[in-house]
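Line by line, the protein sequences are chains A and B. 1 is the number of the first residue of the first sequence in full-length UniProt numbering; add one for each residue after it. 1 is the number of the first residue of the second sequence in full-length UniProt numbering; add one for each residue after it.
Among the clues, some could well be false.
The calculated lysine-lysine pairs, modelled on DSSO-like cross-linking and capped at a C-alpha distance of 27 Å, are [what the hints assert, rightly or not]: (1) K111/B - K9/A; (2) K111/B - K123/A; (3) K111/B - K97/A.
Only part of the chain B face toward chain A is listed, based on derived beta-carbon distances under 8 Å [unchecked claim]: (4) L8; (5) V12; (6) P17; (7) L18; (8) T19; (9) G35; (10) S48; (11) L51; (12) I61; (13) S68; (14) V76; (15) F78; (16) V82; (17) L91; (18) K113.
No lab work stands behind these hints, which were simulated from the structure alone. Beta carbons: idealized from backbone N, C-alpha and C, even for Gly.
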Amino acid sequence: MSEFLNQFKQLTATGYLFWVLAILALLSAVWVVTARNPIHSVLALIATFFCLSGHYILLNAQFLAAVNIIVYAGAIMVLFLFTIMFLNLRREDEESKTNLTKMAAVVVGGLLMVMLITIFRAKSAQVPTFNPVSFDSRTGLVENLGSILYSDYILPFELASVLFLVAMVGAVMLGKREAGDRHF
Amino acid sequence: MQPTQNVLIPEVIQQIPLTYYIIISTALFVIGIIGVLTRRNAIIIFMSIELMLNAVNLLLIAFSSYRSDSSGQVFVFFIMAVAAAEVSVGLAIIVMIYRNTRSIDVGLLNKLKW
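Kindly produce the complete structure, drawing on both the sequences and the hints.
In structure tokens form, the structure reads like this:
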């Protein structure tokens, strides 16, 4: 513990930024799960995504930080918000699960977390650290990622477009009104 | 470690051990699991799944940055693409469930259990 505190005292501004972003991300993630109003959940999830984008920038992955904001906070969350407003779910008619179920879920989650952290912190786990000799700070930049994406990963990249086409057709098919549907 | 090379390494990577990123990702993932287990609102369950995906993304990017291996970040890019496709289909299914049952409580769909 004192070792941890000593380490904490030696941090620079960037190190403190890491801790602030980590704590904000975890708090807003908890808010996503606990909020009664679904719109608050969406806003908390957007906050989580911005904190994670901050982490990506600290890790020098600028391209993915931008993509995370554009795709997740921009597109996916707008879709969620649109659905919530479309379904008019503002009234809180959700009868929640019993307290026993909730406690059991939290205990299961806590046990899983303890188990995973014990595994990762085991002496034989050998979490690698950075190699100061071969470190390349341009790993996450657009130039480097783009050349890899269009050479080594060209087939999955093209298949992703087929996936999007299928998803689009599926969403349109599911959203279409059928003859036997109830109208309201 | 020569100081000239040291400048190029991001400060976070020099100061924060990779284990901390593992712990943060684990915590985010477990929060997502608890959300899936405790909530009955289908949209919030969906958002918890997004939380779990993002925990995995954070871990992949941390490992990829620490080890200077771009493949991890390309993988995250594909995870984001698949998540976008998944969300569009999943929300269409939720809208259809709402149209048929006037509710998005997953407890009403208990016949799917058997």
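Here's how the hints hold up against the structure:
Note on K111/B and K9/A: the hinted pairing is violated, with a Cα-Cα distance of about 56 Å set against a maximum of 27 Å. Restraint check: the Cα-Cα separation between K111/B and K123/A comes to about 46 Å, which exceeds 27 Å; the hinted pair is violated. Restraint check for K111/B and K97/A: satisfied, since their Cα atoms lie roughly 18 Å apart, inside the 27 Å limit. At its closest, the beta carbon of L8/B sits 5 Å from a beta carbon of chain A; the interface hint therefore holds under the 8 Å criterion.
A hinted interface residue such as V12/B counts as satisfied when its beta carbon comes closer than 8 Å to some beta carbon of chain A; here the least separation is about 4 Å, so the hint holds. Proximity of P17/B to chain A holds as hinted, the smallest CB-CB distance being about 7 Å (cut-off 8 Å). For L18/B, the suggested interface contact is upheld, since its CB lies about 5 Å from the closest CB of chain A, less than 8 Å. Here the hint on T19/B is kept, as its CB sits about 5 Å from the closest CB of chain A, short of 8 Å.
Hint on G35/B holds. Least Cβ distance to chain A is approximately 4 Å, under the 8 Å limit. The restraint placing S48/B at the interface with chain A holds, with a minimum CB-CB distance near 6 Å, inside the 8 Å limit. The criterion of a C-beta within 8 Å of any C-beta in chain A is met by L51/B, whose closest approach is roughly 6 Å, and the hint holds. Contact between I61/B and chain A, as hinted, is supported at the beta carbon level, the nearest pair being about 5 Å apart and thus within 8 Å.
Hint status for S68/B relative to chain A: holds, with the closest Cβ pair at about 4 Å, below 8 Å. Proximity of V76/B to chain A holds as hinted, the smallest CB-CB distance being about 6 Å (cut-off 8 Å). The criterion of a C-beta within 8 Å of any C-beta in chain A is met by F78/B, whose closest approach is roughly 6 Å, and the hint holds. Hint on V82/B holds. Least Cβ distance to chain A is approximately 7 Å, under the 8 Å limit.
With a least beta-carbon distance of about 5 Å to chain A, the hint placing L91/B at the interface is held under the 8 Å criterion. Among the interface hints, the one on K113/B is violated; its C-beta lies about 15 Å from the nearest C-beta in chain A, farther than the 8 Å criterion.
Of the hints listed earlier, those the structure fails to meet are numbers 1, 2 and 18, in rising order.
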